[in-house]
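2 protein chains.
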Amino acid sequence: MRTRFVLIQTSHAGNVGGVARAMKVMGFDDLVLVQPRWANVLRREETIQRASGANDVLARARIVDTLDEALEGMSHLCATAMTPRDFGPPTRSPREHFSEVLGAGNPPGGVAFLFGSERFGMRNEDVYRCHVALSIPTAPGFGSLNLAAAVQLIAYDWRQALGGFGAPAPQAERPQADAKALSGMLEHLEQALVAVDFLDPEAPKKLMPRLNQLFNRAAPSDEEIHILRGVAKAMLQTADRAKR
Amino acid sequence: MRTRFVLIQTSHAGNVGGVARAMKVMGFDDLVLVQPRWANVLRREETIQRASGANDVLARARIVDTLDEALEGMSHLCATAMTPRDFGPPTRSPREHFSEVLGAGNPPGGVAFLFGSERFGMRNEDVYRCHVALSIPTAPGFGSLNLAAAVQLIAYDWRQALGGFGAPAPQAERPQADAKALSGMLEHLEQALVAVDFLDPEAPKKLMPRLNQLFNRAAPSDEEIHILRGVAKAMLQTADRAKR
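Quick note, the sequences are listed as chains A and B, same order.
Be aware that the first sequence starts at 1, since it is given in UniProt numbering, and climbs by one per residue.
Be aware that the second sequence starts at 1, since it is given in UniProt numbering, and climbs by one per residue.
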């Protein structure tokens, strides 16, 4: 199964190296950095040192400007966040979630694990678009996991859940639209909801995060995204006529 | 259960700090160092920095000269070694071993996890005295786990095997709307889709059954049904204005 690790606004180059090593040791190699602090982070000395031989992961890694770019092709988004958010996705432990995701009849096509910055974690709006917030069970009063350590644990649990090395990738039955397609549809729908006076842009009241969660659960296919965009378009056209 | 982490001839002070943090985050605090490279390793800057707040673990840590001293009071010894030794204890994966140890009628009184030096791992004679050699399943061809990362994984698996810290704060179960509420919403939505000229009642093309399936997967709550009915209402009102 396609698996991607996405680091958002990472500060410490050493951590990026540690993450590359943690991924490689569990057989993963798709690393994307969103706005890292250092533009040359993939070539910095601390990075190379902490990567300790996982140079191919660094070589393959991409640096992008937006989370959207980072998530291209991914359909199941796992935030890693210690503190549950209101209106956010359900908070689950990794093992519990992984066994459920893989046990369900329709496993996702691509799974992305999102990690926020060392100091501030993930932004609410980035958490909102995820299907789940993975919370690694840690000691009460000291939940301070190092970034590379967190990646190590998630990579390990995910690899184990996948059955270890060489396990056959389960076949997706219903092709699920990727995160970009879903967020594009939601933006379209948001415009339509504003146009029909259901959504007040001045007082959005978490409507879009809520709809995002609802559609995450529905896990729409590309065809369904197409239908939903058609609905949004018809709403906008009707609203347009109403204005004349 | 008493749990101790024993680091043998560790070279890098940063790793000692990383180990302290990795232990603490999983609720362990008994750390013993056998002949570390630096006598003042517990007070070095890299150590404190990587410990990132796990200072109490460092403060409690002991430095000793021999493995014997380090193992005082421990009854079940787990080596961590990537390569199996002839004549050594059985090599097992952590999860497999932990569930067996804890499932057996007579769980040990104290468990020690032994970690060799970064460069050379554990000496054969140290491995020989252990009850098991734990081998963390890693990618073929790249089994190079950082020391703190290895401690993190073992501490996590052991904590989980011990029953964990419980799942993240259980969220209120999301009450799912009943079938009648869902079909009522779908009828409302159908009228709205006709009103905005998206659905042609003469050629409905399975649109509503498809949306029904999509919303079945989303399993909306009563509150979400309410939101969706609000959307349908706003669409109908807008369509009404468009006709005037």
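Don't read these hints as lab results, they were simulated from the structure.
The beta-carbon is built from N, C-alpha and C at its ideal position, and this holds for glycine as well.
Check before you lean on any hint, since a few could be wrong.
If you want the ones that stay clear, here's a sample from chain B, every Cβ over 10 Å from chain A, calculated [claimed, not checked]: (1) G27; (2) R62; (3) S75; (4) H131; (5) T138; (6) S144; (7) L193; (8) E224.
Below, computed lysine to any residue pairings styled on SDA-like, alpha-carbon distance capped at 20 Å [unchecked claim]: (9) A:K205 x B:K206; (10) B:K180 x B:K243; (11) B:K233 x A:R210; (12) B:K206 x A:E223; (13) A:K206 x B:R229.
Worksheet item: Of the numbered hints stated previously, which ones are contradicted by the structure, given in increasing order?
Response: Numbers 1, 5, 6, 7, 8, 9 and 10 - these are the hints that the structure violates, sorted from lowest upward.
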